[in-house]
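Q: Listed below, chain by chain, are the residues.
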Amino acid sequence: MNPSAESSQPAITYLNHETSVMSWLLTRDHKRIGVMFLVGVIFSLLLGGIFAMVLRLELLTPGPTLISPMTYNRMFTLHGVIMVWLFMIPAIPSAFGNFVLPIMLGAKDVAFPRLNLASFYIYLAGALLTVFGMLWSGADTGWTFYTPYSTVSPSALTPILLGVFIIGFSTIITGLNFITTVHTMRAPGMHWTRIPLFVWAIYGTSVIQVVATPVLGMVLLLVSMERLLGAGIFDPSRGGDPVLFQHMFWFYSHPAVYIMVLPAMGVITEVVCAFSRKNIFGYRMIAASTFGIAFVGFFSWGHHMFVSGQSTFTSGIFGVLSMLVAIFTAIKIFNWVATMYGGSIDLRVPLLYVLGFIFLLMFGGMTGVAVATTSLDVHWHDTYFVVAHFHYIMVGAVLMAFLAALHYWWPKMFGRVYPERWSFLAAMTIIFGFIVTFLPQFLLGNLGMPRRYYQYPQEMQWLHVLSTAGASLLAFGFGLIAVYLLWSLRYGPVSAPNPWGSRGYEWFSGSPPAPHNFTRAPSFEREVHDYTVPEAPRVY
Amino acid sequence: MNEFFRRILFLPEQASTVSKDVDHLHYVIISTTMVAATIIFALAAYFLIRYRRRSETDVTPKVQGTLGWELLFIGLPLTTFLVWFFIGYHDFIRMQTPPRDAMDVYVVGKQWMWKFTYPEGPNSIGVLRVPVGRPVRLLLTSRDVIHSFFVPAFRIKQDALPGAYTQTWFEVTTPGTYRVMCAEYCGLKHSEMWAEVVALSQEDYEEWMKQQRQGLVARRDATPSAPEELSPLTPARRAATYDAQQPHGELMYAERGTLPERGERVAAAKGCLRCHTIDGTQHIGPTWLDLYMRRELLTSGETVVADEAYLTESMMKPLEKLVAGYEPVMPSFQGQLEAAEVAALLEYIKTLRSARLQDVESRGPVYEPIGGE
Ligand code: HEM
Ligand SMILES: [Cu+2]
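Taken in order, these protein sequences are the chains called X and S. In this text, residue positions in the first sequence follow our numbering: the first is 47, and each later residue adds one. In this text, residue positions in the second sequence follow our numbering: the first is 202, and each later residue adds one.
Here chain X stands alone, though its shape is the one from the complex (with noise of 0.2 Å):
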């Protein structure tokens, strides 16, 4: 365990064979177009969550604290659109989903190399649209562009649905990608039965961008039309439907949800097992349970509506539906709690960020039962409640996931090692910073304080306060992340290339792996995180 024990990295690895500028834009290989999207959506946190930071400290008073009402709506608008597309999205899929997919599998690269490295320039370019259509026109409308007030707001609206209908096209190039990558290019002795469960969830993910996205981009386009021509589909003096939009809108943006936690999920199993020194609990039920949620997302879109007029029998449809997908991430959290039961567990940062994770998703989780119990949700639906609950399951699931895979697989893509004591001090503040910031929310939402509000009544006043106290710890444990693992990237301790003595596939490969992963084919022998034997380490 002691990292620089065992120091056998190869020589020439991903990140030595070619260093100039040129060889990093126009690289085909997958590990290289993984990092720069980890730049990419790192760059996006840190944009949103500087928008997080200022509506925070608005809602401190309850009247006007520090910017406008017209600023407040434009910024919580920033903050969703930027958090929803530019990060939570592709973070795990485009950033940790093509370093290490590949690698598992016992690959070269993805399907389609240069499709690849497409889908990031294709990302770039609808976030700098996005990011710069936001800043020029001040978008007003909120991360939902709900109509018919987005046909209507004053504010320039098409830049940004362009630069998110773009964005969809990386999405949907990616999960292409990755099917493909999945069905051809395993190695051999790499059965169905022994994909790791990581690739499981990147794949059932996929399988969602390519089916839903295309749907986002069609209603983004219809507004598009509905603005510049006038269409009149949403419009209702023109015949249209207004709540049309939020049925499309949903049937996107509730699988979407899956396309953002799944591979969160996919990332804890990896993390569990590693730091149990456990084969996974259930492998069939979790892999199964994946595609349970992945096929019920799409059929719970609803529950978003209940309020909206739509009939009480629906409702109770898709009330009914939700509860599945409950049960869906109930079973994977059985599942990984079980794994641990008779391992050897070692209390290292990316498995505190995974008990975050747990933590968070169960509470969020159950607040989901109780939101989709329609007559409590009549209450609930657009307060806080909703945010709380949101931020829990699905920013609390993508985050800590995020962390904990930045963590574990730091050594992996860049050979060093990062502070032991910082990162857990780190992980610490932002695990209590994000319940902080959140819990009062809830309670918020119980009082009755809905969304989007730039003022509230008086008596709501120090539960704000409290969740910008909560917020503020959020932002320092972020600035400790930034800048411990900037310094260990240039002055780290070089790590051996399996520090934590896992059994998923990816250690087979050198740290940081060789510019074509494997210096010779790896042969794939046991099921992965088999614990059960001892075995010496080998690298590829």
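Derived from the structure by calculation, the hints contain no laboratory data. Keep in mind the model is a prediction, meaning the values are calculated, not measured. Every residue, glycine too, gets a C-beta built ideally from N, C-alpha and C. Treat the hints with care, since some could be wrong.
With a straight-line Cα cutoff of 16 Å, these simulated EDC-like cross-link-like pairs (lysine to aspartate or glutamate) come out [said to hold, decoys possible]: (1) S:Lys263 to X:Asp576; (2) S:Lys263 to X:Glu573; (3) S:Lys411 to S:Glu397; (4) S:Lys518 to X:Glu573; (5) S:Lys522 to S:Glu539; (6) S:Lys411 to S:Glu321; (7) S:Lys551 to S:Glu465; (8) S:Lys551 to S:Glu503; (9) S:Lys263 to X:Glu581; (10) S:Lys221 to S:Glu372; (11) S:Lys522 to X:Asp287; (12) S:Lys522 to S:Asp508.
Derived DEER-like restraints, expressed as beta-carbon distance ranges [claimed, not checked]: (13) X:Gly525 to S:Ile294: 47 to 55 Å; (14) X:Leu170 to S:Val284: 44 to 52 Å; (15) S:Glu257 to X:Phe522: 45 to 53 Å; (16) X:Glu64 to S:Glu257: 31 to 39 Å; (17) S:Arg414 to X:Phe178: 57 to 65 Å; (18) S:Glu404 to X:Ser518: 47 to 55 Å; (19) S:Glu257 to X:Thr565: 51 to 59 Å; (20) X:Gln507 to S:Glu407: 33 to 41 Å; (21) S:Ser501 to X:Arg160: 49 to 57 Å; (22) S:Met304 to X:Gly525: 55 to 63 Å; (23) S:Leu277 to X:Gln507: 38 to 46 Å; (24) X:Gln507 to S:Cys476: 54 to 62 Å.
A short, non-exhaustive set of chain X residues, derived as facing chain S with CB atoms under 10 Å [as the list claims (entries may be wrong)]: (25) Glu64; (26) Phe122; (27) Val198; (28) Pro200; (29) Val289; (30) His293; (31) Leu401; (32) Met412; (33) Ala416; (34) His437; (35) Gly491; (36) Pro496.
Add chain S with the ligands to chain X, keeping to what the hints say.
A: Okay, now just chain S with the ligands, sitting in the frame of chain X:
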């Protein structure tokens, strides 16, 4: 017990008949889920200590899930969740179904205020007066974008959509003043779109309504009332000036007569009566006599009850649901009719009932589709 839970969960007062039932389920679900989540998390924490790593070369046994465990993992939560869902759905149906004897109030949301219109005639902005102990049905619509009518103390919320009517209802149990907010983001002053419900005792309410009918037009801060001709926009702007800590000022203004009287004028002015009769004779369109709550047979073979939502849809999108036996000739009145005029027409149509049918009404729907044969 109720009070204890209400306080630790920060729920507002329970001022409507449904709020207690909603809250009780709330307590059960929240406490059960939180206890369950704590147990699972505590189990994970226990494993963490019990199975902590003792040596770097530890080898662990292979433990695999069995079908029995997995079935338990699935069955237990599923059963619990479904039970909760069905109890909640039962309450939800009740919250979605206004009692037959409810009094109606028309609500129009617009950026950024709530306007209330009573069938008896009075209009108000910012304050909804209702009697205690009597179900009130709200018929909501919007002049511009989607708004959502939210009264935390009543545990109700309903979106107000442009070009359509939606409904919700409540029955207040305690006199008092309750905050109304807009819960659907609607633009710049979304967070200022407040109003209040003032629940009065039956007598006070009657007294107030009597004054209104006499044409006394009053505003809390005694600014003169707006005359009928004045565009509703002008007073609205004034009412919407807002201080987050002070509730809205109230603005009342009267228009001539009750809603049905105004509806009759609108029907004549907009030309509805060229095709529809009010005395039961069939003309180019179906008669309005006994139309309200009649079961209509459509060309598609389906039937539909002619409630407010359907009647509004027939004015806005007449070709969407055609009554069997009629030509598709009715023009759309989308954009031609103000929300208040639609409300007036609806109230007018509701008053058009023949005596015979009124007698038997209490026995439930007896209407046969007309023009179906
Ligand atoms: C410092 C941490 C954060 C704080 C203080 C924060 C705060 C907020 C606030 C105040 C809102 C607006 C709520 C409303 O008025 O409706 C919001 C919305 C939202 N946040 Fe965060 N947030 C944080 C982190 C994140 C992160 C990391 C993500 C995603 C990875 C995220 C995703 C979202 C989303 C999707 C919305 C909904 C936007 C909308 O409905 O308009 N947030 N957040
Ligand atoms: Cu509104």
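Q: Each hint: holds or not?
A: Consistency of the hints with the structure:
1. S:Lys263 to X:Asp576: The hint holds at about 8 Å.
2. S:Lys263 to X:Glu573: Holds, because 11 Å separates the two Cα atoms, which is no more than 16 Å.
3. S:Lys411 to S:Glu397: 21 Å, violated
4. S:Lys518 to X:Glu573: The given pair, whose Cα atoms are some 62 Å apart, is violated under the 16 Å limit.
5. S:Lys522 to S:Glu539: 22 Å, violated
6. S:Lys411 to S:Glu321: 10 Å, holds
7. S:Lys551 to S:Glu465: 11 Å, holds
8. S:Lys551 to S:Glu503: Violated, at roughly 23 Å.
9. S:Lys263 to X:Glu581: Satisfied, since the Cα-Cα distance of roughly 15 Å is no more than 16 Å.
10. S:Lys221 to S:Glu372: Since the Cα atoms of Lys221 (chain S) and Glu372 (chain S) sit roughly 12 Å apart, the hinted pair holds (cutoff 16 Å).
11. S:Lys522 to X:Asp287: Holds. Lys522 (chain S) to Asp287 (chain X) sits at ~15 Å (cutoff 16 Å).
12. S:Lys522 to S:Asp508: Holds, at roughly 13 Å.
13. X:Gly525 to S:Ile294: 47 to 55 Å: Holds - the Cβ-Cβ distance for Gly525 (chain X) and Ile294 (chain S), about 51 Å, lies within 47 to 55 Å.
14. X:Leu170 to S:Val284: 44 to 52 Å: Roughly 49 Å apart at Cβ, these two residues keep to the hinted range, so it holds.
15. S:Glu257 to X:Phe522: 45 to 53 Å: Between Glu257 (chain S) and Phe522 (chain X), where Cβ atoms are some 34 Å apart, the hint is violated.
16. X:Glu64 to S:Glu257: 31 to 39 Å: 37 Å, holds
17. S:Arg414 to X:Phe178: 57 to 65 Å: 59 Å, holds
18. S:Glu404 to X:Ser518: 47 to 55 Å: Holds: the Cβ-Cβ distance is about 54 Å, inside 47 to 55 Å.
19. S:Glu257 to X:Thr565: 51 to 59 Å: Roughly 27 Å apart at Cβ, these two residues miss the hinted range, so it is violated.
20. X:Gln507 to S:Glu407: 33 to 41 Å: 39 Å, holds
21. S:Ser501 to X:Arg160: 49 to 57 Å: 52 Å, holds
22. S:Met304 to X:Gly525: 55 to 63 Å: The hinted range 55 to 63 Å holds for Met304 (chain S) and Gly525 (chain X), with Cβ atoms some 58 Å apart.
23. S:Leu277 to X:Gln507: 38 to 46 Å: Distance hint for Leu277 (chain S), Gln507 (chain X) holds at roughly 41 Å.
24. X:Gln507 to S:Cys476: 54 to 62 Å: 58 Å, holds
25. Glu64: Constraint on Glu64 (chain X) not satisfied, violated at 37 Å.
26. Phe122: 9 Å, holds
27. Val198: The hint holds - Val198 (chain X) has a Cβ within 10 Å of chain S, the shortest such distance being about 7 Å.
28. Pro200: 9 Å, holds
29. Val289: Holds. Min distance 7 Å.
30. His293: 13 Å, violated
31. Leu401: 7 Å, holds
32. Met412: Hint on Met412 (chain X): holds, closest Cβ of chain S at ~4 Å, below 10 Å.
33. Ala416: 5 Å, holds
34. His437: At about 17 Å, which exceeds the 10 Å cut-off, the nearest Cβ of chain S leaves the hint on His437 (chain X) violated.
35. Gly491: At 9 Å from the nearest chain S Cβ, Gly491 (chain X) passes the 10 Å test, so the hint holds.
36. Pro496: At 4 Å from the nearest chain S Cβ, Pro496 (chain X) passes the 10 Å test, so the hint holds.
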